[in-house]
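Assemble the complex: chain A is given as a structure, and chain B must be docked to it using the hints.
2 protein chains.
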Amino acid sequence: VSAAPYDFDADRAVETVADHRFAAAITDRWNVLGGRPNGGYVMGVCLQALTRVLPSPDPLVVSAFFLRPVVPGPAEVRTAVIRSGRRIATGEATLYQDGKESLRVTAAFSDLRQPAGRTVVLAARPELPPPDQAMDLMGGRVIPELSIAQRVEYRVAAWPGWARGEPSGRPSQEFWMRFRDGREPDLLSLASLVDAAAPPVLELGETGSATIELTVHLRAHPAPGWLACRVATRFVIGGYHEEDFEIWDSTGALVAQSRQLALLP
Amino acid sequence: VSAAPYDFDADRAVETVADHRFAAAITDRWNVLGGRPNGGYVMGVCLQALTRVLPSPDPLVVSAFFLRPVVPGPAEVRTAVIRSGRRIATGEATLYQDGKESLRVTAAFSDLRQPAGRTVVLAARPELPPPDQAMDLMGGRVIPELSIAQRVEYRVAAWPGWARGEPSGRPSQEFWMRFRDGREPDLLSLASLVDAAAPPVLELGETGSATIELTVHLRAHPAPGWLACRVATRFVIGGYHEEDFEIWDSTGALVAQSRQLALLP
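Chains A and B, in that order, are what the protein sequence lines are. Quick note on the numbering used here: the first sequence kicks off at 1 and runs consecutively. Quick note on the numbering used here: the second sequence kicks off at 1001 and runs consecutively.
Just chain A, with the same shape it has in the complex (with noise of 0.2 Å):
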């Protein structure tokens, strides 16, 4: 075998160890603030499994409760089969670091290239300056915590009050987002994507967001390209939030569509 071309393949990369059950390594390349691996990174190496039993090419709905930290180190993914329909297919995937479980995720895999009904879209995409003319998010720094950082690029049209230190108290954005090593997107980066931005509660001056359960909706295959993304959160109840996310690819089409419910730290 040969080595994978990029990062985002090369760190979701599993091994079968027997029926059902693969063998991972988390990596330290996707670490959010506090020096933790991205949740939308480690979900990714759960459906990576699924890919390997689903009779179904794509993933069309997933939902990932997230259980216990996870660490980089290795990890055991083992899956399930819940139901093999005619149109989706169904499965589990659960992550275990040191025996225990990590994290569950239930996916819907269908094949998104046979449509099953009409197209009706009542919603625009971000209104965002060309990437070109947009400001790299990280403005060339580097934060070795946030490692992810190195690994996605993000382009706003102006600051984010979080990043002034002077938050807005509107906790949404839109920005520009890609893989900075070339990597052009996918369903399954598209999943993991969803949860790759600074949480929007920044914006209320807090500096982080646990996500408990993360579902994700992919709704069409991106085009080659950046991707126009737009999150939000409205409704923060004792620390307990949501956080909706929208990816639009390059020719204007919404590709995926995600809401995970969240703590304050």
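It is worth saying that the hints were derived from the structure and are not from the lab. Some clues are possibly wrong.
[As the list claims (entries may be wrong)] Here are the computed distance ranges between Cβ atoms for each label pair:
1) 1117(B) to 13(A): 45 to 51 Å
2) 1006(B) to 182(A): 56 to 62 Å
3) 144(A) to 1087(B): 27 to 33 Å
4) 1166(B) to 34(A): 51 to 57 Å
5) 1034(B) to 122(A): 23 to 29 Å
6) 1114(B) to 122(A): 34 to 40 Å
7) 28(A) to 1087(B): 48 to 54 Å
8) 159(A) to 1099(B): 54 to 60 Å
[Stated by the list, open to error] Covered, in the sense of this in silico footprint (three residues per stretch, anywhere, with C-beta under 8 Å from a C-beta of chain A), are these stretches of chain B:
9) 1036 to 1044
10) 1051 to 1065
11) 1207 to 1219
Heads up, the beta-carbon is just placed ideally off N, CA and C, and yes, glycines get one too.
Below, chain B without anything else, positioned relative to chain A:
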């Protein structure tokens, strides 16, 4: 044991048959068009079983995958505790009919009376006339096939286009909702009620919507009284579409949010 006083409680009752195994009877009293039991109701049976095995009192986030059509009649629910943590307990419930898995529910429970942080609400509740000045959507009609409308009352400010045979092209709706028999809302009923209304795609001239996955966030214990609801679909792509639902209680507090991925018929 005395009979449960309210339909919603009687029809979700589960009986322990063994450790983590429960017997249930799916009734025909919550049917939607097509004569099938409402998915939110069936999910409620699974949640009822989970309340028996999880140490935390309140559902916080629930994800349900609808695998096969459920029919009125006997069912078995099997449960498992995935993790019982300090703040959050997570479990799984699976509903079987005729030995086949029909519904897979994963849920995290917590204690919503123990706030875990601050509250910031950035959206407004639906603008509706008071319930006694709003119109009963059923207008006294009884559609035998639609038995859920004999259990749940809906009041609207104006007739929706689909109800006049003139779909508006705008797949969104605001309305009041309550149980007809006087049962007050609680977290368990909110989790079912997010799926109890007419799908907004009726306003696109469609005749229904089949849920693939439903995620519910329970945000606060509801006050007694009418529930103000808002439902919308924004993206129908190749037949697949999301449906977002909010429920606000009679004091004007957001108490539940949900999103489902569904397929046009």
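Tested hints:
| no. | hint | in the structure |
| --- | --- | --- |
| 1 | 1117(B) to 13(A): 45 to 51 Å | violated (37 Å) |
| 2 | 1006(B) to 182(A): 56 to 62 Å | holds (59 Å) |
| 3 | 144(A) to 1087(B): 27 to 33 Å | holds (30 Å) |
| 4 | 1166(B) to 34(A): 51 to 57 Å | holds (54 Å) |
| 5 | 1034(B) to 122(A): 23 to 29 Å | holds (25 Å) |
| 6 | 1114(B) to 122(A): 34 to 40 Å | holds (39 Å) |
| 7 | 28(A) to 1087(B): 48 to 54 Å | violated (27 Å) |
| 8 | 159(A) to 1099(B): 54 to 60 Å | holds (59 Å) |
| 9 | 1036 to 1044 | violated (count 0) |
| 10 | 1051 to 1065 | holds (count 4) |
| 11 | 1207 to 1219 | holds (count 5) |
When held up to the earlier numbered hints, the structure conflicts with 1, 7 and 9 and fits the remainder.
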